[in-house]
Amino acid sequence: MSTIENGAKPVAGVEHGPPPRHHPLRLINRAPSRRLAVFLGALPFVALVVAYTAASHVRRLDNPSDRLLPSLESIGAAFFRLATERDVRTGDITLWVDTFDSLTRLGLGLGVALAFALVLGIAIGFLPHIRSALAPFIAAVSLIPPITILPILFIALGLGETSKIALITLGTAPVMIRSMAQAVIDIPREQMVKVQTLGASTWQIVTRVVLPQMMPKLIAALRLALVPGWIFLISAEAIASTSGLGYRIFLVRRYLAMDVILSYVIWITILAYLLDRLLLWWSRSAFWWSHLEGDSL
Amino acid sequence: MSALDVRNLGMAYGGTPILERVNLSVAPGDFCTIVGASGCGKSTFLRLLLSQERPTRGQILLDGENLPPEPTPDRGIVFQRYSVFPHLSVEDNLILCAEFAAAPLTGRFFGAKRRAARATVDSLLEQIGLAHARKRCPAQLSGGMQQRLAIAQALMMKPKVLLLDEPFGALDPGIRADMHELLLKLWDEMKMTVFMVTHDIGEAFKLGTRVLVFDKIRHDPHDPSAYGATITYDLPLERKRHVQPPETINELIATSEEIPAHA
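Protein sequences appear in the order of chains A and B.
At position 25 of the first sequence the residue is numbered 25 (the numbering used here), and the sequence of numbers has no breaks.
At position 33 of the second sequence the residue is numbered 33 (the numbering used here), and the sequence of numbers has no breaks.
Everything labelled a hint here was simulated from the structure, so no lab data went into it.
One thing to keep in mind: the hints can contain errors.
[Unchecked claim] Mimicking SDA-like on lysine to any residue, the simulated pairs with C-alpha atoms at most 20 Å apart in a straight line are:
#1 B:Lys135 x A:Leu292
#2 B:Lys191 x B:Pro28
#3 B:Lys158 x B:Ala139
#4 B:Lys158 x B:Ser51
#5 B:Lys135 x A:Arg284
#6 B:Lys206 x B:His180
#7 B:Lys191 x B:Pro73
#8 B:Lys113 x B:Leu124
#9 B:Lys158 x B:Lys206
#10 B:Lys135 x A:Pro212
#11 B:Lys160 x B:Leu62
#12 B:Lys185 x B:Gly29
#13 B:Lys135 x A:His291
#14 B:Lys135 x A:Val193
#15 B:Lys113 x B:Lys135
#16 B:Lys216 x B:Thr16
#17 B:Lys160 x A:Val193
#18 B:Lys185 x B:Leu237
#19 B:Lys191 x B:Leu155
#20 B:Lys135 x A:Trp288
#21 B:Lys158 x B:Asp188
#22 B:Lys135 x A:Phe287
#23 B:Lys158 x B:Leu182
#24 B:Lys158 x A:Pro212
#25 B:Lys135 x A:Trp289
#26 B:Lys206 x B:Pro236
#27 B:Lys158 x A:Val193
#28 B:Lys158 x B:Thr72
#29 B:Lys135 x A:Glu293
#30 B:Lys206 x B:Asp234
#31 B:Lys135 x B:Lys158
#32 B:Lys160 x A:Gly199
#33 B:Lys135 x A:Ser285
None of the values given here were measured: they were computed from a predicted structure.
With the hints as constraints, model all of the structure from the sequences given.
Here you go:
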């Protein structure tokens with residue numbers, strides 16, 4: 001290198017430059033192959049199952065009737081029993097009734113929150129007067145820990161469905177409203193000016209320019225709201241309910257029925273995962289234009 | 001074809017003057033290109049022409065009347081970026097203004113009406129070379145294609161004045177030359193008044209019938225932001241196709257025989 005920098009001629013007899021030194025690629029520039037990616041993705045799941053099986057086995061060597069870490073077979077058997085056999089007292093199949101009731105509450109709670117997020121989020125993000133009136137209020141309300149509202153809801157609305165649905169709505173709506181309002185504000189100013197020069201009224205700007213661009217953002221906000229949504233659902237069901245996934249888990253806790261609890265936890269996880277994927281699929285198929293750039297999880 | 005008069009225009013942000021004592025009279029059909037150093041108020045001037053912002057003093061008259069206080073269809077705009085709608089296909093970007101005019105409540109055509117509206121933009125799509133891409137959405141277009149769409153969209157309303165804020169600043173030179181041809185052709189056909197902000201002196205001379213240079217004429221060395229900019233040179237280009245464009249603004253000013261607009 002230094003000879004070249006000094007302007008000296010290469011040494012006679014050397015016709016080629018040195019071969020390029022091999023540097024290992026930076027880690028950020030290496031991506032796993034498709035098969036390796038699947039393998040790596042499965043690894044933590046397999047590790048968890050293996051660790052659990054081993055721990056469960058060790059405990060049951062000491063005490064064959066151990067209830068704390070039931071075997072995978074007994075978890076599967078509990079799940080099969082709950083999903084197929086009718087309860088002798090009620091005549092219902094427990095798992096499906098619990099699932100239906102819980103998903104109804106979650107759907108209604110998040111649905112109402114979604115409606116609020118859409119209407120208030122766009123109004124706050126788009127109309128300066130409404131922003132001045134509501135933005136500080138929503139910012140304050142979103143900081144109230146929702147679970148502290150639960151006793152108030154139980155007192156005011158009774159122990160029925162309304163109070164549980166209200167908890168899910170109150171717990172998820174403020175954050176969704178704020179992220180929607182921010183998303184409206186983030187629409188480039190140029191677009192807002194341009195659409196005015198095309199002769200659009202405020203209503204037309206909302207319906208043709210703002211709302212369609214908000215839809216994928218709304219779905220993204222909903223996917224994030226599913227997590228606290230489930231927490232509030234299970235909490236409300238655990239405290240006051242006669243059905244539902246959370247009710248069942250906290251009911252059988254008294255009998256240390258870990259096989260039922262674990263099968264319900266796995267079931268809830270599967271439901272939550274499917275809901276999340278469903279929303280992502282909806283966003284990608286209906287609003288594909290917003291998924292053209294960048295990766296998404 | 002519309003005349004535009006700017007009288008004693010001044011603009012300040014929070015006490016910091018950006019523009020001061022801008023006077024200008026533009027004849028119908030003029031193609032004014034605006035050049036000047038960064039931060040000298042070129043884009044601010046364009047925003048004032050658009051009513052995106054309101055001047056702190058002075059007035060702007062379009063055909064003898066004060067500009068409306070908000071953006072309206074009589075002034076079209078093309079920005080450097082973000083001026084087409086990312087959720088609409090190319091053809092739907094173009095029929096949008098017709099939908100606004102025809103359907104106050106839904107702002108949307110349905111069924112046969114929509115097909116008919118899309119058919120009306122056939123020749124325009126051909127003209128801007130986007131006929132093959134009519135179903136694509138903007139993220140699937142190159143930068144040049146997006147700007148062709150943005151110009152066509154702005155012209156759909158047949159504006160009296162077309163405002164261009166560095167529309168080709170992000171394009172490579174070859175594409176830029178094509179865009180110049182397209183713009184000159186459309187300007188020739190539609191005979192509108194054009195204001196175009198650009199950083200490229202060559203572009204300003206190639207396209208404009210009149211080059212406006214924005215700069216500060218008063219300087220306070222202890223407080224550089226004490227004074228705003230104004231139009232320091234106003235060069236009508238009668239023989240515009242034959243003028244060799246200068247390389248820099250300084251050269252332009254040095255070689256100019258014109259009298260400064262504010263002597």
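Going through the hints against the structure:
Between the alpha carbons of Lys135 of chain B and Leu292 of chain A the distance comes to roughly 15 Å, so the proposed pair stays at or under 20 Å and holds. Restraint check for Lys191 of chain B and Pro28 of chain B: satisfied, since their Cα atoms lie roughly 8 Å apart, inside the 20 Å limit. For the suggested pair Lys158 of chain B and Ala139 of chain B, the alpha carbons sit about 26 Å apart, so the restraint of at most 20 Å is broken. Among the hinted pairs, Lys158 of chain B with Ser51 of chain B is consistent with the structure: their alpha-carbon atoms are about 18 Å apart, no more than 20 Å.
A distance of roughly 18 Å separates the Cα atoms of Lys135 of chain B and Arg284 of chain A; the hinted pair therefore holds under the 20 Å criterion. Using a Cα cut-off of 20 Å, the hinted pair Lys206 of chain B and His180 of chain B holds, with the two alpha carbons roughly 8 Å apart. For the proposed pair Lys191 of chain B and Pro73 of chain B, the alpha carbon gap of about 16 Å is at most 20 Å, so the pair holds. Between the alpha carbons of Lys113 of chain B and Leu124 of chain B the distance comes to roughly 18 Å, so the proposed pair stays at or under 20 Å and holds.
Only pairs whose Cα atoms come within 20 Å are accepted, and Lys158 of chain B paired with Lys206 of chain B is rejected, the gap being roughly 24 Å. A threshold of 20 Å between alpha carbons decides the hint, and for Lys135 of chain B with Pro212 of chain A the separation of about 17 Å falls inside it, so the pair holds. The hinted pair formed by Lys160 of chain B and Leu62 of chain B meets the criterion: a straight-line CA distance of about 9 Å does not exceed 20 Å. For the proposed pair Lys185 of chain B and Gly29 of chain B, the alpha carbon gap of about 13 Å is at most 20 Å, so the pair holds.
Between Lys135 of chain B and His291 of chain A the alpha-carbon distance is near 17 Å, which keeps this suggested pair within the 20 Å criterion. Using a Cα cut-off of 20 Å, the hinted pair Lys135 of chain B and Val193 of chain A is violated, with the two alpha carbons roughly 24 Å apart. Restraint check for Lys113 of chain B and Lys135 of chain B: the C-alpha separation of about 17 Å stays at or below 20 Å, so the hint holds. A C-alpha spacing of about 13 Å is found between Lys216 of chain B and Thr16 of chain B, which places the hinted pair at or below 20 Å, so the restraint holds.
Under the criterion of a C-alpha separation no larger than 20 Å, the hint pairing Lys160 of chain B with Val193 of chain A is consistent with the structure, at around 17 Å. Between Lys185 of chain B and Leu237 of chain B the alpha-carbon distance is near 18 Å, which keeps this suggested pair within the 20 Å criterion. Of the supplied pair hints, the one linking Lys191 of chain B and Leu155 of chain B holds, its CA atoms being roughly 11 Å apart against a limit of 20 Å. A hinted pair counts as satisfied when its Cα atoms are at most 20 Å apart, and Lys135 of chain B with Trp288 of chain A qualifies at roughly 13 Å.
Distance check on the hinted pair: Lys158 of chain B and Asp188 of chain B sit about 13 Å apart at the alpha-carbon level, within 20 Å; holds. Note on Lys135 of chain B and Phe287 of chain A: the hinted pairing holds, with a Cα-Cα distance of about 15 Å set against a maximum of 20 Å. Restraint check for Lys158 of chain B and Leu182 of chain B: the C-alpha separation of about 16 Å stays at or below 20 Å, so the hint holds. A distance of roughly 26 Å separates the Cα atoms of Lys158 of chain B and Pro212 of chain A; the hinted pair therefore is violated under the 20 Å criterion.
Restraint check for Lys135 of chain B and Trp289 of chain A: satisfied, since their Cα atoms lie roughly 12 Å apart, inside the 20 Å limit. Under the criterion of a C-alpha separation no larger than 20 Å, the hint pairing Lys206 of chain B with Pro236 of chain B is consistent with the structure, at around 12 Å. As the CA atoms of Lys158 of chain B and Val193 of chain A are separated by approximately 17 Å, the hinted pair is consistent with the 20 Å bound. Under the criterion of a C-alpha separation no larger than 20 Å, the hint pairing Lys158 of chain B with Thr72 of chain B is consistent with the structure, at around 12 Å.
Proximity of Lys135 of chain B to Glu293 of chain A is assessed by CA-CA distance (about 18 Å); at most 20 Å being required, the pair is judged to hold. Annotation: proposed proximity of Lys206 of chain B to Asp234 of chain B holds, straight-line Cα distance about 16 Å (limit 20 Å). Restraint check: the Cα-Cα separation between Lys135 of chain B and Lys158 of chain B comes to about 24 Å, which exceeds 20 Å; the hinted pair is violated. For the suggested pair Lys160 of chain B and Gly199 of chain A, the alpha carbons sit about 14 Å apart, so the restraint of at most 20 Å is met.
Distance restraint check for Lys135 of chain B and Ser285 of chain A: the Cα-Cα separation of roughly 16 Å lies within the 20 Å cut-off, and the hinted pair is therefore satisfied.
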